[in-house]
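The listed protein sequences correspond, in order, to chains W and P. In terms of this note's numbering, the first sequence opens at residue 1 and continues consecutively. In terms of this note's numbering, the second sequence opens at residue 61 and continues consecutively.
It is worth saying that the hints were derived from the structure and are not from the lab. Accuracy of the hints is not assured; some may be wrong.
To be verified - Residues on chain P that point at chain W, a partial pick, calculated with CB under 8 Å:
| hint | residue |
| --- | --- |
| 1 | I98 |
| 2 | T430 |
| 3 | W431 |
Unchecked claim - Here chain W is said to cover these stretches of chain P; the calculated rule only asks that three of the stretch's residues, wherever they fall, bring their Cβ under 8 Å from a Cβ of chain W:
| hint | segment |
| --- | --- |
| 4 | 72 to 84 |
| 5 | 403 to 412 |
Quick caveat: nothing in here was measured; it's all calculated off a predicted structure. Virtual Cβ for every residue (Gly too), placed ideally from N, Cα, C.
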Amino acid sequence: MTEKAVEETFVALFALTDLRQIFRDAKPTYQFNSEQKKQIREIIEKLRKSLNVIEKELIK
Amino acid sequence: MKQMIEDIEVRAREELFININPIQAAGRLTPEAMKAIIAYGDGYSTCDWCKKPFRLDKIRRPPINEFHLELAKFVGMDQARVFPGARRGFQAVVSSLVEKGDSVIVSSLAHYTEFLAVEDAGGIVKEIPLNKENVITEENTAQKIEKVKRETGKLPKLIMMDHFDYMLGNEHNINGIAKVAKYYDIPFLANCAYSMGVMPINGREMGADFLVGSGHKSFASPAPSGILATTAEWADKVFRTTQMVGDVTGRKFGIKEVEMMGCTLMGANLIAMMASFPRVRERVKHWDDEVKKSNYFIDEFLKIEGNKVLSEMPRKHTLTKVDTTGSFDKIARTHKRRGFFFSDELKKRRIVGEFQGATRQWKLNTYGLTWDQVKYLAQTLHDIAKKYGINVA
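Kindly generate the complete structure, drawing on both the sequences and the hints.
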């Protein structure tokens with residue numbers, strides 16, 4: 001258990017919150033514009049990185 | 061939608077639907093506020109670094125002290141405090157100024173919590189009548205003051221006036237009314253629950269002695285949250301500190317403010333309000349665009365035969381009261397779902413927030429919707445009208 005895993009948990013939660021905001025902006029048709037698509041890609045990438053750190057720190 | 065825990069469902073209506081609820085629009089959180097709630101949800105989370113003099117608005121980490129100073133500047137007043145809702149702000153002022161039997165002047169469209177604040181202090185509410193346009197004028201205010209003076213032999217102790225009212229979203233002549241209050245030397249409270257946080261507000265320019273705002277109505281903050289700001293002249297009275305001394309222990313709590321009941325808005329609500337503040341400061345600069353969207357929607361709404369707008373026109377606010385007695389209510393009269401047919405049709409098209417089942421007079425708010433969402437909303441109403449044979453110009 002490390003501080004890093006806790007930090008990355010918040011990073012992931014905050015990234016998901018940013019995704020939540022994109023849903024709010026694009027509802028109800030969810031026709032994402034190119035900027036939103038870019039943001040979604042960045043969020044997913046950030047989440048993957050955070051989950052990797054969490055996995056490495058806590059399980060492996 | 062999945063249950064969050066046991067029988068509490070996840071609330072995802074802001075992600076899934078266009079929400080036109082009249083009171084929810086400008087209280088929707090910013091992503092920063094949502095993050096603040098994640099991180100600061102624990103009870104006394106703001107108290108980690110509370111040091112002498114042990115009062116919420118003095119805490120520097122997170123920068124609560126700085127926020128209070130900035131907040132006062134933002135609304136053009138000398139001092140500000142956060143409260144659990146605008147209502148507690150009314151209560152603090154009324155409780156400080158009004159004694160049993162005193163009269164307090166309010167609008168005929170005043171929020172019920174203004175009534176409660178006066179009642180709690182033992183005062184008596186006196187309402188200013190509306191003019192033909194459903195607006196409070198300075199003339200009517202002066203007449204009411206004179207009437208109260210004639211009837212009670214005393215001037216009212218306070219005037220509380222809504223900048224924009226909650227019933228119609230009409231603008232009332234707050235500057236003119238403040239001048240009348242000044243003329244009679246009566247303290248003046250501007251209720252900015254529907255304006256502070258969505259449009260630029262300057263209490264000094266308004267001529268207000270007290271400004272009250274709502275976090276959960278107009279400041280992208282969770283409920284309950286609110287703001288009371290005042291001038292240096294009034295701060296010592298309304299933000300007075302306790303003088304009480306325990307008769308056995310001799311204890312005293314000198315720094316604590318009586319009307320705040322010590323520390324007021326602790327924890328996640330305050331931090332979320334602080335987290336939203338940068339965006340709120342920015343968004344008030346774009347109020348004109350919000351009003352444009354409101355008027356665009358209303359123009360489209362009025363293309364539906366039989367539709368009417370009960371609020372003042374053109375719209376100066378995003379909250380509007382409409383009347384669909386001559387359109388959707390005609391359908392409701394014979395529909396097996398009665399007025400709920402309209403809610404069903406809206407929900408099918410991913411719109412919620414209207415008063416369910418109401419097809420006569422109801423309110424909506426377009427604040428914060430994108431242009432695409434506003435156009436979608438207008439088109440949806442046209443589509444529903446056409447489906448039921450109502451003419452659309």
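Hint-by-hint comparison with the structure:
1. I98: At 5 Å from the nearest chain W Cβ, I98 of chain P passes the 8 Å test, so the hint holds.
2. T430: holds, 6 Å
3. W431: violated, 12 Å
4. 72 to 84: holds (count 5)
5. 403 to 412: holds (count 3)
Violated hint for the displayed structure: number 3, the only one.
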